[in-house]
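Trainee: Now for the letters of each chain:
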Amino acid sequence: MEYEKQTEHKHHHVGYGTLILIWVALIALTSITVTIAGISLGSYTLFVALFIAAIKSSLVINIFMHIKFDEPIFKVFLIVSGFTLIVIFILTFSDFIYRG
Amino acid sequence: MSQTDHAHAAESHGHIHRDDIGSKMGMWLFLFTELLLFGGMFLIYAVYRYQYPDQFHIAGMELDTGIGTLNTIILLTSSLTVALSIAALQRKNKFLSVVLLLITIVLAFSFMINKYFEWGVKFEHGLYPGSETLLGKPNGEILFFGLYFIMTGLHGLHVVIGIIFLSIILAMIIKDKITFDNYVKLENSGLYWHLVDLIWIFLFPLFYLIQ
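Residue numbers (this note's numbering), protein chains in the order written: chain F, 56 to 155; chain X, 346 to 556.
Derived CB-CB ranges, DEER-like:
| no. | chain 1 | residue 1 | chain 2 | residue 2 | range |
| --- | --- | --- | --- | --- | --- |
| 1 | F | Ile82 | X | Ile366 | 31 to 41 Å |
| 2 | F | Ser86 | X | His362 | 47 to 57 Å |
| 3 | X | Ile366 | F | Leu146 | 32 to 42 Å |
| 4 | F | Ile145 | X | Glu477 | 33 to 43 Å |
| 5 | F | Val135 | X | Gly491 | 22 to 32 Å |
| 6 | F | Ile94 | X | Ser368 | 40 to 50 Å |
| 7 | X | Gly481 | F | Asn117 | 44 to 54 Å |
| 8 | F | Ile94 | X | Asn527 | 47 to 57 Å |
| 9 | F | Leu96 | X | Gly465 | 30 to 40 Å |
| 10 | X | Ile458 | F | Val135 | 30 to 40 Å |
| 11 | F | Phe124 | X | Glu379 | 20 to 30 Å |
| 12 | X | Lys439 | F | Val142 | 43 to 53 Å |
| 13 | X | His402 | F | Thr90 | 17 to 27 Å |
| 14 | X | Asn527 | F | Ser149 | 43 to 53 Å |
Chain X residues, not near chain F, derived (Cβ > 10 Å throughout):
| no. | residue |
| --- | --- |
| 15 | Lys482 |
| 16 | Val505 |
| 17 | Ile519 |
| 18 | Asn527 |
In silico lysine-lysine, DSBU-like type, Cα no more than 35 Å apart, as pairs:
| no. | chain 1 | residue 1 | chain 2 | residue 2 |
| --- | --- | --- | --- | --- |
| 19 | F | Lys130 | X | Lys437 |
| 20 | X | Lys437 | F | Lys123 |
| 21 | X | Lys460 | X | Lys520 |
| 22 | F | Lys123 | X | Lys439 |
| 23 | F | Lys130 | X | Lys369 |
| 24 | X | Lys530 | X | Lys439 |
| 25 | X | Lys520 | X | Lys530 |
| 26 | F | Lys123 | X | Lys369 |
| 27 | F | Lys130 | X | Lys522 |
| 28 | X | Lys520 | F | Lys130 |
| 29 | F | Lys123 | X | Lys522 |
| 30 | X | Lys460 | F | Lys130 |
| 31 | X | Lys369 | X | Lys439 |
| 32 | F | Lys130 | X | Lys439 |
| 33 | X | Lys520 | F | Lys123 |
| 34 | X | Lys439 | X | Lys520 |
| 35 | F | Lys130 | X | Lys530 |
| 36 | X | Lys482 | X | Lys467 |
| 37 | F | Lys123 | X | Lys530 |
Rather than coming from a laboratory, the hints here were simulated on the basis of the structure.
Backbone N, C-alpha and C fix where the C-beta goes; we use that ideal spot for every residue, glycine too.
Between the sequences and the hints, there should be enough to build the whole structure, so can you do that?
Mentor: Shown next as structure tokens:
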């Protein structure tokens, strides 16, 4: 048992049940986002939609793509590339919005 | 021999000259280049949506939310089946793994069939890049449809590549070239397929759910 724990990062198997549960959550979030899109929330609509998309992607990345159980270095890669993307977005918008 | 025993034997004797972690690392690095490729397009989308909010709204109404939702469900389900396929192979259930991978490929095809009909309707309405109907519209709408075709088109291309990869992997599992103790190729194809799903998770609300 101790040995199994040691090598968990390498041999962690996600169960069928967990995967199906995540799928149910993803489908539920999809129906929520479609329903909300029909209700007018003004300028919040986009943020709510993106927030739900972010939750969905974190479920896919963590469980389906196994990043929660894999080598920590993959997580570092992910954070670096995500951060790069955010920086590019911020720089572009700060240029675009304040242009004369 | 249990899974851990097997792994233990392989590790302590070093019989298997294989680097699964390195292999996956390569796949992740590739996925990040994909992320930046699509990220650039999302950036263009964000800037022009900010510039032409009303025209994006009008153009977005033309898209079929129903078919978009259906394709979202199809892709999410195919993501599940490929993940289940890996889980089945890990549990030495080759048959179930093959069946699940086959379902994934069928779902991927149905996604493309829906896409074919969706684009077909757009073309019938004279909406395709460079068409007279489209060029007669205001700038924001031209940009919306341009981004719609290039982004869902590039995503569709990834779906087609995914179908090819998953089919090769399927053949390898059937021929026992990918087995319960050597399945990193299946995992990497799974990662690619999940990325295709991830991109769609963002494409869907940005294009189909503008109200």
